[in-house]
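The primary structure of each chain is shown beneath.
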Amino acid sequence: MLLALDVGNTNVTLGLYLDEELVATWRMASERNRTADEYGLEIVHLLKREGYSPYDVTEAAMASVVPPLNSALGLACNKYLNVHLVELNSSLKTLPANYYENPAALGCDRLVNAVAAWEMYGKPQKRPVIVVDFGTATKLECVSAAGEYLGGCIAPGIGISTEALTRAASRLQRIELVRPKQVLGKNIVASLQSGIIFGFAGQADGLVKRLSREIAPDGPEPVVIATGGLAHLVAGESRTIQRIEPHLTLEGIRRVYEQNREQGV
Amino acid sequence: MLLAVDVGNAAMSMGIYDGKQLRAEWSVSTDRRKTHDEYGLLFLDLIEHHGFKAADIRAVAMASSVPPILPTLEWMCQKYFKITPLVVGPGVRTGMIIRYDNPREVGADRIVIAVAAYEKYGGPLIVVDFGTATIFDVISKEGEYLGGVLAPGVLISVDALFSQAAKLPRIELVKPKTVLARNTVHSMQAGVIYGFAGQVDELVERLIAEIGGPAAGVRVIATGEHAELLVSECKQVGVLDPYLALEGLRIIYERNHARGER
Numbered sequence: 043m044l045l046a047l048d049v050g051n052t053n054v055t056l057g058l059y060l061d062e063e064l065v066a067t068w069r070m071a072s073e074r075n076r077t078a079d080e081y082g083l084e085i086v087h088l089l090k091r092e093g094y095s096p097y098d099v100t101e102a103a104m105a106s107v108v109p110p111l112n113s114a115l116g117l118a119c120n121k122y123l124n125v126h127l128v129e130l131n132s133s134l135k136t137l138p139a140n141y142y143e144n145p146a147a148l149g150c151d152r153l154v155n156a157v158a159a160w161e162m163y164g165k166p167q168k169r170p171v172i173v174v175d176f177g178t179a180t181k182l183e184c185v186s187a188a189g190e191y192l193g194g195c196i197a198p199g200i201g202i203s204t205e206a207l208t209r210a211a212s213r214l215q216r217i218e219l220v221r222p223k224q225v226l227g228k229n230i231v232a233s234l235q236s237g238i239i240f241g242f243a244g245q246a247d248g249l250v251k252r253l254s255r256e257i258a259p260d261g262p263e264p265v266v267i268a269t270g271g272l273a274h275l276v277a278g279e280s281r282t283i284q285r286i287e288p289h290l291t292l293e294g295i296r297r298v299y300e301q302n303r304e305q306g307v
Numbered sequence: 028m029l030l031a032v033d034v035g036n037a038a039m040s041m042g043i044y045d046g047k048q049l050r051a052e053w054s055v056s057t058d059r060r061k062t063h064d065e066y067g068l069l070f071l072d073l074i075e076h077h078g079f080k081a082a083d084i085r086a087v088a089m090a091s092s093v094p095p096i097l098p099t100l101e102w103m104c105q106k107y108f109k110i111t112p113l114v115v116g117p118g119v120r121t122g123m124i125i126r127y128d129n130p131r132e133v134g135a136d137r138i139v140i141a142v143a144a145y146e147k148y149g150g151p152l153i154v155v156d157f158g159t160a161t162i163f164d165v166i167s168k169e170g171e172y173l174g175g176v177l178a179p180g181v182l183i184s185v186d187a188l189f190s191q192a193a194k195l196p197r198i199e200l201v202k203p204k205t206v207l208a209r210n211t212v213h214s215m216q217a218g219v220i221y222g223f224a225g226q227v228d229e230l231v232e233r234l235i236a237e238i239g240g241p242a243a244g245v246r247v248i249a250t251g252e253h254a255e256l257l258v259s260e261c262k263q264v265g266v267l268d269p270y271l272a273l274e275g276l277r278i279i280y281e282r283n284h285a286r287g288e289r
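Protein chains in written order, with my numbering: chain A, 43 to 307; chain B, 28 to 289.
Everything labelled a hint here was simulated from the structure, so no lab data went into it.
Source: prediction; values computed, not measured.
Where a beta carbon is used, it is the ideal one built from N, C-alpha and C, also for glycine.
Possibly wrong hints are sitting among the right ones.
[Unchecked claim] Have a look at the derived ranges for each label pair, beta carbon to beta carbon:
no.	chain 1	residue 1	chain 2	residue 2	range
1	A	E80	B	F189	20 to 30 Å
2	A	R216	B	W53	31 to 41 Å
3	B	R126	A	A139	54 to 64 Å
4	A	N124	B	K194	21 to 31 Å
5	A	T208	B	G118	27 to 37 Å
6	B	K262	A	Q284	22 to 32 Å
7	A	K223	B	A81	29 to 39 Å
8	A	E263	B	P269	38 to 48 Å
9	B	W102	A	P288	28 to 38 Å
10	B	Q48	A	P259	43 to 53 Å
11	B	A242	A	L64	31 to 41 Å
Could you build all of it, start to finish, from the sequences and the hints given here?
Set out below in structure tokens:
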């Protein structure tokens, strides 16, 4: 089985694949000072709790945007799962074309999202796709109907922006992120819930609408896919998001890994 | 002359009013550790730098969204200006009816801006204040404060992104030509500028829909230290008025000292 690791600034998301089927997922906190042994033990524990043995894992691949974690995770896979952790990069063969100025500088998480979204939605429907990944940052990717990576943009994520506000403003408290009854808040908690839920839906929509105009001024409407840990919070309020794929990044890691496996990545 | 002081979480902005005329304005960073003496020297230096003397200041009006700093500033006013400042808060006449679950929860900084905006532009209106938070205040046609929306501000969100995302560089916040970006710096500039513009437009649109729709003729005014960066991209914002908070402090001061010192 393939263990896919999506290494982000807040979480490491793990997915266990039996061929093309995602059979289990887990999340670990991205802690820069944790050791390979701590990560290794945690991964083994997580596998066992779900009824798998470390021996079931025969391959491992990761997309990482946190270089300091890579060596600990690689060592953990070696020592505790006895597999080599393949680090995917943006120079690998993936989409038919990549128009990023320096394709190797494109974040690997962004590329695998683009690959999965195009293969799952863009290619079969012959439409461009826009991915909105709500994570530490909110990242948008555009892929043409023909599978060319066109570019995208990056905005501050929902979680870190909200944390920064409650830290910086002395009178604000941490709040539960739920949808308020109305946009107009009559108390501080409702005002903040409104600003976050409707505001970040607006942030995503504003970017998607502008990107759509630039990439498909008169062609077929792009398919808009949301993913990421915080997608469920705002996707329901968004006017442009058509589908949530919670595991799009893992799916992209699997696809890019498998497409390049024969080349001996 | 009146010294108006609007104390925000990141910066305090100040203005000197001669009657209704704003003669000078400046801002300094809000530092919770500074003492009354340090603030006193800083205030005197700035006043003199702008061509005035301490003795010209006959009154001080203040609003603060950082309550712990108020005693320090009050002490400073006593010692260096021999003035008891008017601090906007409970007991101070603002002339605005507050329709909020708990009116005391509405920060003085909100009221000050709402008072100035209503006096200048009339209602119904929405004021968007771009500071540490982006704050939307809604005022009815009759001039009642109806409530608002709070969202994380532009700069603190961007700072949070830089400090937490290992691979992202610090960027200069300028508006790129396109949203579609093909390098990291451009990606972030586009995401920040156009993303926050989208956030503002969406919230304003939804607020307008709740308070009567397009037919109500709601005016949208932007203010605050980071307003200039975004306003040109916000389709919903009509006017940029950077000094609303200072203006509101002057108006509230006058309402409380009908024939008082100018």
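Evaluation of the provided hints:
1. A:E80 <-> B:F189: 20 to 30 Å: At 27 Å between Cβs, range holds.
2. A:R216 <-> B:W53: 31 to 41 Å: Distance hint for R216 of chain A, W53 of chain B holds at roughly 34 Å.
3. B:R126 <-> A:A139: 54 to 64 Å: Because 56 Å falls inside the window, the suggested range holds.
4. A:N124 <-> B:K194: 21 to 31 Å: holds (30 Å)
5. A:T208 <-> B:G118: 27 to 37 Å: Hint holds: Cβ distance 29 Å, inside 27 to 37 Å.
6. B:K262 <-> A:Q284: 22 to 32 Å: holds (23 Å)
7. A:K223 <-> B:A81: 29 to 39 Å: violated (51 Å)
8. A:E263 <-> B:P269: 38 to 48 Å: holds (40 Å)
9. B:W102 <-> A:P288: 28 to 38 Å: With Cβ atoms ~55 Å apart, the hint is violated.
10. B:Q48 <-> A:P259: 43 to 53 Å: At 49 Å between Cβs, range holds.
11. B:A242 <-> A:L64: 31 to 41 Å: Check failed, 50 Å falls outside 31 to 41 Å.
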